[in-house]
Amino acid sequence: MSYRINFDEPIPDLIERLKREHRQLESKLAAVESADTVNEQSIRILEELSEPIIRHAVEEEARVLRVIMHEAKEQSRESIKIAQEHNWIADFIKKTIPKLSSMPQQQAKQEVTQFILDLRQHFSEEEEIMFPLALKASSVKK
Numbered sequence: 001m002s003y004r005i006n007f008d009e010p011i012p013d014l015i016e017r018l019k020r021e022h023r024q025l026e027s028k029l030a031a032v033e034s035a036d037t038v039n040e041q042s043i044r045i046l047e048e049l050s051e052p053i054i055r056h057a058v059e060e061e062a063r064v065l066r067v068i069m070h071e072a073k074e075q076s077r078e079s080i081k082i083a084q085e086h087n088w089i090a091d092f093i094k095k096t097i098p099k100l101s102s103m104p105q106q107q108a109k110q111e112v113t114q115f116i117l118d119l120r121q122h123f124s125e126e127e128e129i130m131f132p133l134a135l136k137a138s139s140v141k142k
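Quick note on numbering: the sequence shown equals residues 1 to 142 in full-length UniProt numbering.
FYI, nobody ran anything at the bench for these hints, they're computed from the structure.
Watch out, some of these pointers could steer you wrong.
Said to hold, decoys possible - Taking lysine-lysine pairs in the DSS-like style, the calculated list, with each CA pair at most 30 Å apart, reads:
#1 Lys95 <-> Lys19
#2 Lys28 <-> Lys81
#3 Lys19 <-> Lys73
#4 Lys73 <-> Lys136
What the hints assert, rightly or not - Pair by pair, the computed Cβ-Cβ distance ranges are:
#5 Gln107 <-> Arg77: 33 to 41 Å
#6 Ser139 <-> Gln105: 48 to 56 Å
#7 Gln84 <-> Pro132: 12 to 20 Å
#8 Lys99 <-> Lys28: 19 to 27 Å
The beta carbon of each residue, even a glycine, is placed where N, CA and C say it ideally should be.
Produce the complete structure using the sequences and hints provided.
What follows is the structure, given as structure tokens:
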């Protein structure tokens with residue numbers, strides 16, 4: 001996976017795009033969540049979403065967290081904690097998704113459901129805490 005980060009995109013535009021990506025990811029995850037079982041189709045959707053989710057997380061760390069650390073470091077504690085959650089997201093993608101088809105159905109469903117709930121909470125924290133701070137910090141940076 002290779003991805004070039006656009007460091008020229010203004011932070012307000014970046015944040016609006018990241019929010020749109022959250023909505024797009026949520027709608028696709030809802031299809032997985034609504035399935036009664038974790039089947040080939042739901043696993044395929046999760047696999048297809050893996051790269052966009054990782055790319056999204058890398059961009060948040062490289063651009064959003066960067067502006068916070070440079071311009072609002074004294075207020076960065078919660079944002080750092082939120083960005084560190086990308087570790088469990090990456091772990092789920094790398095370690096859990098490949099094992100879903102061999103897990104007992106109930107366990108697989110529980111793992112996927114918890115991941116989706118946690119990811120929604122993560123998106124919410126980014127939008128309520130991290131993104132507003134980045135916007136504020138970027139307006140200071142001139």
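(request) With a cut-off of 30 Å on the C-alpha distance, tell me whether lysine 28 and lysine 81 pass. (result) Cα-Cα ~26 Å, so holds.
(message) Hinted pair, alpha-carbon criterion (30 Å max): lysine 73, lysine 136. Please report holds or violated.
(response) 12 Å, holds
(message) If I claimed the Cβ atoms of glutamine 107 and arginine 77 lie 33 to 41 Å apart, would that claim hold in this structure?
(response) 35 Å, holds
(message) Need the status of pair lysine 19, lysine 73: alpha-carbon distance at most 30 Å?
(response) Given that 30 Å is the threshold and the Cα spacing comes to 23 Å, the pair holds.
(message) A range of 12 to 20 Å was offered for this pair. Does it hold for the Cβ distance of glutamine 84 and proline 132?
(response) 19 Å, holds
(request) For the range 19 to 27 Å, tell me whether the beta carbons of lysine 99 and lysine 28 fit it or not. (result) 21 Å, holds
(message) Given the hint of 48 to 56 Å, is the C-beta distance from serine 139 to glutamine 105 inside that range or not?
(response) Given range 48 to 56 Å: holds, Cβ gap about 50 Å.
(message) Given the hinted pair lysine 95 and lysine 19, is their Cα-Cα distance within 30 Å?
(response) 26 Å, holds
When each numbered hint is compared with the structure, no violation occurs for any of them.
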